[in-house]
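S.K.: Chain residues, written in single-letter form:
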Amino acid sequence: LAKTTQPISMDSYEGQEVNITCSHNNIATNDYITWYQQFPSQGPRFIIQGYKTKVTNEVASLFIPADRKSSTLSLPRVSLSDTAVYYCLVGDIGIYNQGGKLIFGQGTELSVKP
Amino acid sequence: DTAVSQTPKYLVTQMGNDKSIKCEQNLGHDTMYWYKQDSKKFLKIMFSYNNKELIINETVPNRFSPKSPDKAHLNLHINSLELGDSAVYFCASSHSNRGLGYGYTFGSGTRLTVV
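Going line by line, the protein sequences match chains R and G.
For the first sequence, the residue numbers in the working numbering are 1 to 114.
For the second sequence, the residue numbers in the working numbering are 1 to 115.
Among the hints, erroneous ones may be present.
Claimed, not checked - With a straight-line Cα cutoff of 25 Å, these simulated BS3-like cross-link-like pairs (lysine-lysine) come out: (1) Lys71/G <-> Lys40/G; (2) Lys44/G <-> Lys22/G; (3) Lys71/G <-> Lys41/G; (4) Lys3/R <-> Lys19/G; (5) Lys113/R <-> Lys52/R; (6) Lys69/R <-> Lys3/R; (7) Lys19/G <-> Lys71/G; (8) Lys36/G <-> Lys3/R; (9) Lys54/R <-> Lys69/R; (10) Lys52/G <-> Lys40/G; (11) Lys113/R <-> Lys40/G; (12) Lys9/G <-> Lys40/G; (13) Lys19/G <-> Lys36/G; (14) Lys52/G <-> Lys3/R; (15) Lys36/G <-> Lys71/G; (16) Lys41/G <-> Lys3/R; (17) Lys52/G <-> Lys9/G; (18) Lys69/R <-> Lys44/G; (19) Lys52/G <-> Lys22/G; (20) Lys41/G <-> Lys113/R.
Simulated from the structure, these hints should not be mistaken for laboratory data.
The whole structure should be built from the sequences, with the hints applied where relevant.
M.R.: Given below as structure tokens:
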């Protein structure tokens, strides 16, 4: 499984756009990129998943360059409630959708201030 | 209506005791997992069950024994608890046939404190 590297922490202010970049230099052809969000005292929550280019949903956007060696999670206009840990995961969706394991890295602790 | 529910939410117990954590999912998923999150926030998989069959068993002491009576339930029993077992334990579930855009659903966790 490809190893991921993310900033340990980031600070932002309400209303700003936040971009969290994840490096995954050893990403394999069959690997997808998935982001999870974890609030204090809760389990991780799936945010977004992509393979290449750009994916957008109601929560975030995911930008993946052509070489796929990194990805950027973009949170538009963050609020205080977006304060959480954000995890980037890379793996073969076919494996972990068949009972394979998600490998969580250290995550990025985002702190949104008023 | 909670999708993945774990009980208890908090568990404080003495070293050497035996305890169980229960997990139930009402999502119709066929795969369930136990993850352990330590004080440094690292999440590590412990076990994975697909349709009641154990398919992943990471390097976990055999004091930990999962049991899946049916595909909606996955319980974790821990014998002879040690101080190092203190952590938050998360149950999760997924559907093995779900495709792109889908992720795991996690419970809210059980905070185990061994004193």
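S.K.: For each hint, tell me whether it holds in the structure or not.
M.R.: Hints, one by one, checked against the model:
For the given pair, lysine 71/G sits about 31 Å from lysine 40/G by alpha-carbon distance, which is inconsistent with the 25 Å threshold. Of the pairs offered as hints, the one joining lysine 44/G and lysine 22/G holds, with about 18 Å between alpha carbons and a cut-off of 25 Å not exceeded. In summary, the hint linking lysine 71/G to lysine 41/G is not supported, as the alpha carbons are separated by about 28 Å, beyond the 25 Å threshold. Proposed proximity of lysine 3/R and lysine 19/G is contradicted: the alpha carbons are some 34 Å apart, above 25 Å.
Taken as a hint, the lysine 113/R and lysine 52/R pair is broken in the structure, with Cα atoms around 32 Å apart against an allowance of 25 Å. At most 25 Å may separate the alpha-carbon atoms for a hinted pair to count; lysine 69/R and lysine 3/R meet this at roughly 11 Å. Of the pairs offered as hints, the one joining lysine 19/G and lysine 71/G holds, with about 22 Å between alpha carbons and a cut-off of 25 Å not exceeded. Distance restraint check for lysine 36/G and lysine 3/R: the Cα-Cα separation of roughly 19 Å lies within the 25 Å cut-off, and the hinted pair is therefore satisfied.
With a C-alpha separation of about 14 Å, the suggested pair lysine 54/R and lysine 69/R falls inside the 25 Å cut-off, and the hint holds. As the CA atoms of lysine 52/G and lysine 40/G are separated by approximately 31 Å, the hinted pair breaks the 25 Å bound. For the suggested pair lysine 113/R and lysine 40/G, the alpha carbons sit about 23 Å apart, so the restraint of at most 25 Å is met. Our distance criterion of 25 Å between C-alpha atoms is met by lysine 9/G and lysine 40/G, whose separation comes to about 20 Å.
Distance check on the hinted pair: lysine 19/G and lysine 36/G sit about 15 Å apart at the alpha-carbon level, within 25 Å; holds. Between the alpha carbons of lysine 52/G and lysine 3/R the distance comes to roughly 30 Å, so the proposed pair goes past 25 Å and is violated. Of the pairs offered as hints, the one joining lysine 36/G and lysine 71/G holds, with about 20 Å between alpha carbons and a cut-off of 25 Å not exceeded. Pair hint lysine 41/G plus lysine 3/R holds up; C-alpha atoms about 17 Å apart against a cutoff of 25 Å.
Taking the CA atoms of lysine 52/G and lysine 9/G, the gap is about 24 Å. The hint holds against a cut of 25 Å. The suggested pairing of lysine 69/R with lysine 44/G holds, with an alpha-carbon distance near 24 Å, which does not exceed 25 Å. For the given pair, lysine 52/G sits about 15 Å from lysine 22/G by alpha-carbon distance, which is consistent with the 25 Å threshold. Only pairs whose Cα atoms come within 25 Å are accepted, and lysine 41/G paired with lysine 113/R is accepted, the gap being roughly 22 Å.
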